[in-house]
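Chains as they are written, first to last, in the working numbering: chain A, 36 to 351; chain B, 43 to 336; chain C, 205 to 538.
Among these hints, one or two may not hold up.
[Said to hold, decoys possible] If you anchor each label on the Cβ, the simulated ranges turn out as follows:
#1 B:327 with A:150: 23 to 33 angstroms
#2 B:309 with A:96: 42 to 52 angstroms
#3 C:394 with B:230: 31 to 41 angstroms
What the hints contain is simulated information worked out from the structure, not anything from laboratory work. The structure presented is a predicted model; accordingly, all values stated were derived computationally and were not measured. Don't be surprised by glycine CBs; every beta carbon is placed ideally from N, CA and C.
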Amino acid sequence: MLRYVTRRLVMLLGIVFVISVGSFYLIHLLPGDPAVVILGTGATPANKAALFKQLGLDKPIYLQYFTWIGNVIRGNMGTSFISQSSVAATIRAALPIDLEIIVLSQLLAFVAAIPMAMRSARKPDGPLDRVLGASSFTLLSVPPFIIIVLLVLFVSIKLGIPHTGPSSYVTFASDPIGNLESLALPAFTLAIGSFVVYYRVLRSDLIATLQEEFITMARSKGISQRRIMWRHAFRPSSVALLGAASVNIGGLLASGFVVQYLLAIPGLGYTLISAINTSDFLLVQGIVLTVSVGVVLINFIFDFVINIVDPRISRE
Amino acid sequence: MSNVANEFSLLEETLLIEKPEKTEPLGILFWICVGWIGVNVLAAILANVLPMKNPLFEDYNAINVGPGLHHLFGTDDLGRDIFSRVVFGSRVSIAVGVGAMVIGFGVGAPLGMLAAYKRGRFDTVLTTFMYVLLAFPAIIATIAVLSFWTPRALLKIIVVIGLASVPLVYRVIRTATLNVATKDYIIAAKVQGATDRRILIKELLPNIAPIGVSFLLIGIATVITLEGALAFLGLSVNPPTPSWGNMINEARTVLAQNPWLVIFPSLALCLFLLCLNFIGDRLRTHFDVTEVKL
Amino acid sequence: MSESEKLLVVKDLATTFATAGGLVPAVGGVSFDLERNETLGIVGESGSGKTVLSRTIMGLQPRANVTVTGSARVNGFEVVGASEKEKRQIWGTEVAMVFQDPMTSLNPVMRIGKQIDEALRVRMGMNRAAARARAIELLELVGIPSPAQRYDAYPGQLSGGMRQRVVIATALACSPKLLMADEPTTGLDVTIQAQILNLLDELKDRLKMSVILVTHDLGVVATRTSRIVVMYAGRIVETGSTREVFYHHRMPYTRALLESSPKVSNHPHTRLATIPGRPPNLLKLAQGCSFAPRCAYATDRCHQERPELQPAAEPGHSFACWNPLPTTRGVAAP
Numbered sequence: 036m037l038r039y040v041t042r043r044l045v046m047l048l049g050i051v052f053v054i055s056v057g058s059f060y061l062i063h064l065l066p067g068d069p070a071v072v073i074l075g076t077g078a079t080p081a082n083k084a085a086l087f088k089q090l091g092l093d094k095p096i097y098l099q100y101f102t103w104i105g106n107v108i109r110g111n112m113g114t115s116f117i118s119q120s121s122v123a124a125t126i127r128a129a130l131p132i133d134l135e136i137i138v139l140s141q142l143l144a145f146v147a148a149i150p151m152a153m154r155s156a157r158k159p160d161g162p163l164d165r166v167l168g169a170s171s172f173t174l175l176s177v178p179p180f181i182i183i184v185l186l187v188l189f190v191s192i193k194l195g196i197p198h199t200g201p202s203s204y205v206t207f208a209s210d211p212i213g214n215l216e217s218l219a220l221p222a223f224t225l226a227i228g229s230f231v232v233y234y235r236v237l238r239s240d241l242i243a244t245l246q247e248e249f250i251t252m253a254r255s256k257g258i259s260q261r262r263i264m265w266r267h268a269f270r271p272s273s274v275a276l277l278g279a280a281s282v283n284i285g286g287l288l289a290s291g292f293v294v295q296y297l298l299a300i301p302g303l304g305y306t307l308i309s310a311i312n313t314s315d316f317l318l319v320q321g322i323v324l325t326v327s328v329g330v331v332l333i334n335f336i337f338d339f340v341i342n343i344v345d346p347r348i349s350r351e
Numbered sequence: 043m044s045n046v047a048n049e050f051s052l053l054e055e056t057l058l059i060e061k062p063e064k065t066e067p068l069g070i071l072f073w074i075c076v077g078w079i080g081v082n083v084l085a086a087i088l089a090n091v092l093p094m095k096n097p098l099f100e101d102y103n104a105i106n107v108g109p110g111l112h113h114l115f116g117t118d119d120l121g122r123d124i125f126s127r128v129v130f131g132s133r134v135s136i137a138v139g140v141g142a143m144v145i146g147f148g149v150g151a152p153l154g155m156l157a158a159y160k161r162g163r164f165d166t167v168l169t170t171f172m173y174v175l176l177a178f179p180a181i182i183a184t185i186a187v188l189s190f191w192t193p194r195a196l197l198k199i200i201v202v203i204g205l206a207s208v209p210l211v212y213r214v215i216r217t218a219t220l221n222v223a224t225k226d227y228i229i230a231a232k233v234q235g236a237t238d239r240r241i242l243i244k245e246l247l248p249n250i251a252p253i254g255v256s257f258l259l260i261g262i263a264t265v266i267t268l269e270g271a272l273a274f275l276g277l278s279v280n281p282p283t284p285s286w287g288n289m290i291n292e293a294r295t296v297l298a299q300n301p302w303l304v305i306f307p308s309l310a311l312c313l314f315l316l317c318l319n320f321i322g323d324r325l326r327t328h329f330d331v332t333e334v335k336l
Numbered sequence: 205m206s207e208s209e210k211l212l213v214v215k216d217l218a219t220t221f222a223t224a225g226g227l228v229p230a231v232g233g234v235s236f237d238l239e240r241n242e243t244l245g246i247v248g249e250s251g252s253g254k255t256v257l258s259r260t261i262m263g264l265q266p267r268a269n270v271t272v273t274g275s276a277r278v279n280g281f282e283v284v285g286a287s288e289k290e291k292r293q294i295w296g297t298e299v300a301m302v303f304q305d306p307m308t309s310l311n312p313v314m315r316i317g318k319q320i321d322e323a324l325r326v327r328m329g330m331n332r333a334a335a336r337a338r339a340i341e342l343l344e345l346v347g348i349p350s351p352a353q354r355y356d357a358y359p360g361q362l363s364g365g366m367r368q369r370v371v372i373a374t375a376l377a378c379s380p381k382l383l384m385a386d387e388p389t390t391g392l393d394v395t396i397q398a399q400i401l402n403l404l405d406e407l408k409d410r411l412k413m414s415v416i417l418v419t420h421d422l423g424v425v426a427t428r429t430s431r432i433v434v435m436y437a438g439r440i441v442e443t444g445s446t447r448e449v450f451y452h453h454r455m456p457y458t459r460a461l462l463e464s465s466p467k468v469s470n471h472p473h474t475r476l477a478t479i480p481g482r483p484p485n486l487l488k489l490a491q492g493c494s495f496a497p498r499c500a501y502a503t504d505r506c507h508q509e510r511p512e513l514q515p516a517a518e519p520g521h522s523f524a525c526w527n528p529l530p531t532t533r534g535v536a537a538p
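This is chain A alone, in the form it adopts within the complex (with noise of 0.2 angstroms):
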């Protein structure tokens, strides 16, 4: 466990750094002058002068890596030069606000497709698990940015539900409520699209499970088909359902991103397209590294887990 647990986290390191140099190279990577891109809109002799000096740009280029990644490290990303404010903070303050969409809408898919993939896999083929394979198979092709849109034209549009439309966000602190009513659509429209794929992961490997000889023993203990169900089902079935989510988070960042953008919710999705928009480079960097390596931890994180679940994992 030790070992497997190092070897990871040498992994780990080793694409955290790949992910900062191309970040970091981005720039060199495409077309055209790097001063210019990254100053944009904001290309005077006085922001050149300035950047030349904040990123080293007539040192050579691996001094320009170590300089800048000594700065990430010390939770320096550098000053936006288009809207002059640190790159860290906005991304400071615009994160919590992805990871309370994302943690809302996993709870709720996690909440919806565990019972429902068991109800499933109780009787494979029954009239409930056609219905739902066949509904979960129809929402698979259902893009979020398709659901989002649809969700405020029926629910903020049509039925005028207050608080769900564009543009009505407020922060936790003010007034958590409303909050919560301005982050309901987005939540659900994630959910939407991972309880669509826990669901199927989770259904087939638990009929697959349910076949076990282990499962025949346990019934054959005269415990209720309930415990036998969530003690010794469940969780092997459920490392599919683990590696499930943890590959499914680099989608729900990117449908994260499409619901504050239609929504407006400053999160770093809306920051991003904004920035994009502005050609606000160093920014767009500053989210697209944060971002990245969020996902590489996030995924180590559910690597670690999934051993804990199923420790033959380790061994092999």
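Based on these hints, arrange chains B and C on the given structure of chain A.
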């Protein structure tokens, strides 16, 4: 079906009866989906010669008109015909979906097959490299590159998404090839002195083709979804060129006045994706391919 | 002894699977009974329906596409037709099963102690500490060294023989009156096999249980059972006391089975006899004796009419055959 399979596992060992050949018929729904995809692709190719309104023509006398005889799906807020925009819009989605997968499979599939067949250091190095790339969230990387690689043209989008899909294709094809390459008849062919090229093309390729095709279809659907999301965020082809994603993006500002504007491209996109997914899924169960996770 | 006092009474028990290929009569009308504190052997080749029979007696058959008729009464409880909920009342406490393959019958992601004390906590209402103490006791009973440490092990950390001991401990948790052992040693090394069988034997006397030993290996049942049921194609073809079946069998199949199992008394390099042909396809059973196609003594009658069980010389011994082997009674047993 799964219930029956359950009994068989018990029966096989205890009763020694032969398991009947499992043939999952493709079904009528499969062919309907194939037909729908065919119609869409044909319409996209022939859009210029079909008797349709100009998708870019702005008719200020017919703004936000509902569906009717003159404008089948109605018009948008600039008076453009939604039906012809939906048809022309499919071109972007199909081109990106197919183009990106051509790149993804063109690079990823041969590498995956070779790695699984050769094994050894070549495999180790390449696989480690691909897994590192795979850990990098592809969606974020795509957004990052496209956001500053301006102006955004169709070809750039295809290349970026295509390259981003390489590690995924590599992994699927490598796993599929590994399963086949260790089979006895492949080893037998090697022992008999068949050339590598012959084994790869004559023995391995036909065996992994079903997995490849079903993954290809599901991959196209995934890429189209991604392109739709990029277009929705304004990061795909520039307006006024219609695409399903940017039509939905444009529609969001006039959602209350003209819901048709969002409903038709959404419907077109979802149906197209549904058919692709369905065909891919059916092919997979038909060829009895074990679950390959996307 | 009256019927009601018997621990197990099986009458005309039949299990039919509905498969894509048609109806499969896995068990085709079986009757026998079992006294308290007795060990019964059920013997047959793979495919003879012995595993399905043992699961049907417990009511553990798969839940879909199966029809069970007849009767199986475990300590007065009718298993056939009982709901899963009703059967739970007897599972573990009246009848428990030792499964065939300890590699698959233990939950791989659950600590073995938890698997043993689960039944204690759920069925006997013990608290955590009491259940743990009892589980450790059980581990010790089945001969697992340093049981307190093993309590927290996962099945993957134990050898096959140790795992099978855990399976036995789990089955014994609620002190069942009847223990079904379905090929309990098939997956194990030969040296471990004897240990496990001796353990079952010893536990049977200590805990005053009855044991049904299901196996394909006559050597396994020879010294450990008082009676034997020989099965072929889902039916009983011969049954009687172990001694009678071994030395005075009348059914050619029983003899074939005996000749095909190794004996210690054989000279080195003795060639084992094999039974010609294959076990029958249950989807296409002939109307006559199922063994007829492979039987050296088969006549036209054997191919057309199915023989019923008929009593042999000794009470309790019966066989199903039109052309039984000549009786060897009166001849001195070897």
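### Task
Enumerate the violated hints, using their earlier numbering and listing them in ascending order.
none
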